[in-house]
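If you read the protein sequences in the order shown, they are chains A and B. For the first sequence, the positions run 1 to 117 when the working numbering is used. For the second sequence, the positions run 1 to 110 when the working numbering is used.
Treat the hints with care, as some may be off.
Quick look at which bits of chain A chain B covers, simulated, 3 or more residues with Cβ under 8 Å [as the list claims (entries may be wrong)]: (1) 16-25; (2) 55-62; (3) 103-113.
Just so you know, the hints here were simulated from the structure itself, not pulled from any lab data. Where is the CB? At the ideal position from N, CA and C, for every residue including glycine.
Listed here are the chains, written in short residue letters.
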Amino acid sequence: EAQVTQNPRYLITVTGKKLTVTCSQNMNHEYMSWYRQDPGLGLRQIYYSMNVEVTDKGDVPEGYKVSRKEKRNFPLILESPSPNQTSLYFCASSFLTSGGARLETQYFGPGTRLLVL
Amino acid sequence: GQNIDQPTEMTATEGAIVQINCTYQTSGFNGLFWYQQHAGEAPTFLSYNVLDGLEEKGRFSSFLSRSKGYSYLLLKELQMKDSASYLCAVASSNDYKLSFGAGTTVTVRA
Numbered sequence: 001e002a003q004v005t006q007n008p009r010y011l012i013t014v015t016g017k018k019l020t021v022t023c024s025q026n027m028n029h030e031y032m033s034w035y036r037q038d039p040g041l042g043l044r045q046i047y048y049s050m051n052v053e054v055t056d057k058g059d060v061p062e063g064y065k066v067s068r069k070e071k072r073n074f075p076l077i078l079e080s081p082s083p084n085q086t087s088l089y090f091c092a093s094s095f096l097t098s099g100g101a102r103l104e105t106q107y108f109g110p111g112t113r114l115l116v117l
Numbered sequence: 001g002q003n004i005d006q007p008t009e010m011t012a013t014e015g016a017i018v019q020i021n022c023t024y025q026t027s028g029f030n031g032l033f034w035y036q037q038h039a040g041e042a043p044t045f046l047s048y049n050v051l052d053g054l055e056e057k058g059r060f061s062s063f064l065s066r067s068k069g070y071s072y073l074l075l076k077e078l079q080m081k082d083s084a085s086y087l088c089a090v091a092s093s094n095d096y097k098l099s100f101g102a103g104t105t106v107t108v109r110a
């Protein structure tokens, strides 16, 4: 089954304790992205990757790191989480078309609810 | 960057039609997506417009006017299961960013 998986689905942690949220897709998509969703603000893009070893900042990258060592995986790292990073996080992936110039439909993972105390 | 506006909430009756508007300001446009998101779930794709005009897909249609920075999603023959949040997203031609509006919550009443 074609899917995007995220782990963990729920996480409670404390300020400053490093954590990683994993994301994996089995559709051979070039493009992968992380979003956070907060009430009233909608989905905001944190980081995205156009292919292996190619990543770039979205609109809210502060406090986050990513890596793309393999095409299928795109982990999100919070080196020192703070309470303002409490949110619902979504990973998504898609193909790039038109010679890599255009995004196709994003497929979203099920989400990770993070609470930072 | 992108500035995307859509109404916060809309209410309609089962069987009716609802139109959700989305306006955007962008430094480079490379397509507009509409997604549906039920409470507690991930967004799912509804439609995509990159050229001006109307795209129809069953009960859902989406329209785009690039010169006006405007799109709408039309939901016909509303059903209770259409109660959800509808997200407008604009892709940038300057980079590979995808920017979302805050979403429109549609409530369908019997």
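>> Going through the numbered hints above, which ones does this structure break? Give me the numbers in ascending order.
In response: 1
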